[in-house]
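Spelled out from the first residue to the last, the chains are:
Number of protein chains: 2
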Amino acid sequence: MARLRSRILQLFSPNKQLLLQLEHLLGFIPKHIPYYEMALNHRSKIDDAQDNNERLEFLGDAILGALVAEYLFKRYPYQPEGYLTELRSRIVRRETLNNVAMRMGLQKMVQYNKNDRGLSRSHIFGNALEALIGAVYLDQGFVKTRRFILQQIIKPYIDIELLESTDTNYKNQLLSWAQKNSHNISFDTLDEKTEGTRKLFTVGIMLNGELVASGTGFNKKEAGQVAAQKALEVLSVS
Amino acid sequence: MARLRSRILQLFSPNKQLLLQLEHLLGFIPKHIPYYEMALNHRSKIDDAQDNNERLEFLGDAILGALVAEYLFKRYPYQPEGYLTELRSRIVRRETLNNVAMRMGLQKMVQYNKNDRGLSRSHIFGNALEALIGAVYLDQGFVKTRRFILQQIIKPYIDIELLESTDTNYKNQLLSWAQKNSHNISFDTLDEKTEGTRKLFTVGIMLNGELVASGTGFNKKEAGQVAAQKALEVLSVS
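Sequences listed follow chains A and B, in order. Going by the numbering used here, the first sequence opens with residue 86, and the numbers climb by one from there. Going by the numbering used here, the second sequence opens with residue 86, and the numbers climb by one from there.
To be clear, the hints were calculated from the coordinates, so they are not data collected in a lab. Take the hints with a grain of salt, since some may be wrong.
Note: identical chains are not told apart, hence a pair may lie in one copy or across any two.
[What the hints assert, rightly or not] The list that follows gives simulated cross-link-like pairs (lysine-lysine, DSS-like), each with its CA atoms no further than 25 Å apart:
| no. | residue 1 | residue 2 |
| --- | --- | --- |
| 1 | Lys159 | Lys116 |
| 2 | Lys315 | Lys199 |
| 3 | Lys199 | Lys284 |
| 4 | Lys306 | Lys199 |
| 5 | Lys130 | Lys159 |
| 6 | Lys130 | Lys306 |
| 7 | Lys159 | Lys229 |
| 8 | Lys315 | Lys240 |
| 9 | Lys278 | Lys193 |
| 10 | Lys130 | Lys265 |
| 11 | Lys193 | Lys315 |
| 12 | Lys306 | Lys116 |
| 13 | Lys193 | Lys265 |
| 14 | Lys159 | Lys199 |
| 15 | Lys240 | Lys159 |
| 16 | Lys229 | Lys265 |
| 17 | Lys101 | Lys305 |
| 18 | Lys130 | Lys278 |
All values derive from a computational prediction rather than experimental measurement.
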């Protein structure tokens, strides 16, 4: 009934086009449209801090950070805090969010000064996506914002395994450093145990026969990644 | 009924003392005690990342950040993003949280290696407070965590006006700089308007008769603080 009423109101709204775009973007019919209009107003169009999207970006950034933290905390029950922190920062960093926002089509909706060429490098679409999350939170509350972030952002646009596997670069980086400096590197499985229903591996990295770092994970690849990252730190390889 | 049942269970619990301490600290009877036990385990006591409080600290830090952001966003509807960001960082910074945790008595509950003297400077109680927030979130959900943070942490322990008025130091700083350099500084009210039911002031800072910065707030003092902070930046006074 509420949905039907929203739909009828929508058909008679002067913002009909915006409403249809928002519904497509959000996966639900928004209630309080001014929040979303504000989320789409970049400072270059509207200077007044009360009407542009910067305050909503502050709120949305914090809500997104909390929900991504919760998601990772539950998805990776055995990873240490450092791993979760690193993975979260890869998901919420400006480049990732700006890329997601562009693929969502936000550049067609954000109101900004198109003559200001300096803006091209300022991640305005990713910032608008954060502001949009702030608007969803104010309009729909915490639980629906969580669903929005999972269903409309993380699931379709964020490839967490790809972000994680940037870690394999650490392994490659370590191996190429060792080759260049004529060191002998090997990855050894130090431990395998069963935690609840899952297996847990510890992989150690040997440099010229000496253990320099170790890492733990659900599979050997993951454990090796954690270990390689630590080894690069220990060995001060940039 | 649920409360009575919890109370009866509590009286027969082997953890009776911990439960009573927690109830006092939290303002409610916790359900799943292992979360709280984990929140109180410092790494120096339990090395295993799955059993010490570091993962919960990661989660709690993010939840606290989001809830403080929401609180400030709603409390200061006219302050720009920069003001909210600065105030939030003063609330959630390690020194503030460690101080709050000590006043809450967390140092009597956290399990850590008391022989490790290096720990005294590492804010372990503030970190445990964040972990406790993570435990409350997992045990009680978002809405009750918000109530816990507002009622048990912000209201009794955080003096937001004091944290804000560190800004009055900016005003003093500006005035003493002007005096030392024989400049003439005055604070002028540039604008007064009514926004909804509240008054909004804009204060300008005149340096030798020339406007160098202005700020807006709900009262002249607040507006003057914002303006003074900007003036210090503009004039490159450290």
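Evaluation of the provided hints:
1. Lys159 - Lys116: between (31 Å within a copy, 19 Å between copies)
2. Lys315 - Lys199: neither (45 Å within a copy, 28 Å between copies)
3. Lys199 - Lys284: neither (53 Å within a copy, 34 Å between copies)
4. Lys306 - Lys199: Classified as neither; 46 Å inside a copy, 37 Å across copies.
5. Lys130 - Lys159: between (40 Å within a copy, 24 Å between copies)
6. Lys130 - Lys306: neither (48 Å within a copy, 30 Å between copies)
7. Lys159 - Lys229: both (18 Å within a copy, 20 Å between copies)
8. Lys315 - Lys240: neither (29 Å within a copy, 41 Å between copies)
9. Lys278 - Lys193: For lysine 278 and lysine 193, the Cα distance exceeds 25 Å both inside one copy (51 Å) and across copies (35 Å).
10. Lys130 - Lys265: neither (52 Å within a copy, 41 Å between copies)
11. Lys193 - Lys315: neither (42 Å within a copy, 34 Å between copies)
12. Lys306 - Lys116: neither (46 Å within a copy, 37 Å between copies)
13. Lys193 - Lys265: neither (48 Å within a copy, 53 Å between copies)
14. Lys159 - Lys199: neither (42 Å within a copy, 31 Å between copies)
15. Lys240 - Lys159: within (15 Å within a copy, 30 Å between copies)
16. Lys229 - Lys265: The answer is neither: 52 Å in one copy and 56 Å across copies each exceed 25 Å.
17. Lys101 - Lys305: Result: close neither inside a copy nor across copies, 52 Å intra and 42 Å inter.
18. Lys130 - Lys278: between (58 Å within a copy, 22 Å between copies)
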